[in-house]
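In case you want the letters, here they are:
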Amino acid sequence: AQTVTQSQPEMSVQEAETVTLSCTYDTSESNYYLFWYKQPPSRQMILVIRQEAYKQQNATENRFSVNFQKAAKSFSLKISDSQLGDTAMYFCAFRAPGANSKLTFGKGITLSVRP
Amino acid sequence: NAGVTQTPKFRILKIGQSMTLQCAQDMNHNYMYWYRQDPGMGLKLIYYSVGAGITDKGEVPNGYNVSRSTTEDFPLRLELAAPSQTSVYFCASRATVGAGELFFGEGSRLTVL
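Residue numbers (the working numbering), protein chains in the order written: chain H, 1 to 115; chain U, 1 to 113.
Hints were generated in silico from the structure; no laboratory data involved.
Wrong hints could be hidden among the right ones.
Here are some chain H residues pointing at chain U (derived, C-beta under 8 Å) [what the hints assert, rightly or not]:
id, residue
1, N100
2, K102
3, I109
For each residue, glycine too, the CB sits at the ideal point set by N, CA and C.
Produce the complete structure using the sequences and hints provided.
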């Protein structure tokens, strides 16, 4: 079974600075999908970024980028120029290949952006 | 662009009461899921469905039931509510093809007193 580990329960960053959120996973699959979700205080779950394991290039979405290290089974999220609206809980998730495979979520990390 | 719609958004139940959380999606997704999220915690899968007429248990199915009579709708039934079912419930769906990211509803906050 796959597992997703987010070892940092909380992080804090100053507005306009850069922060990196860590995520590791365990799988024996060679192809799979990885995701970061954001959950602001409104509690809505928002997809931030996705990465397909067969793609070597790290995914980027505006101020959000990932550092995908397949051999190390690491999938960290970098947030550049942090904004107050980035304050949220962030979940890392993994999905194995196969039509019926389900997402496995990490426990989440609470990020606070300080003004 | 409705996406995934959950109702109600808030509900207070008394111990022993029953209720149904409604979930509907308009994206023609075959896969649908119900999760619960306790305060400060991650998501736990309650039930899921891979298509109309097919449902299966997740990690924490006890005290819940589901049905999937149409592609669009996936209601979650709580029978004999207990305080341990106080939580925020999320419905989600995904497409069959592609990376398979989940599209979530806005959540339903349920309190059992």
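The hints, checked one at a time:
1. N100: Hint on N100 (chain H): holds, closest Cβ of chain U at ~6 Å, below 8 Å.
2. K102: For K102 (chain H), the interface hint holds, since the closest Cβ of chain U sits about 7 Å away, which is under 8 Å.
3. I109: violated (10 Å)
When the structure is compared with the earlier hints, a violation turns up for hint 3 alone.
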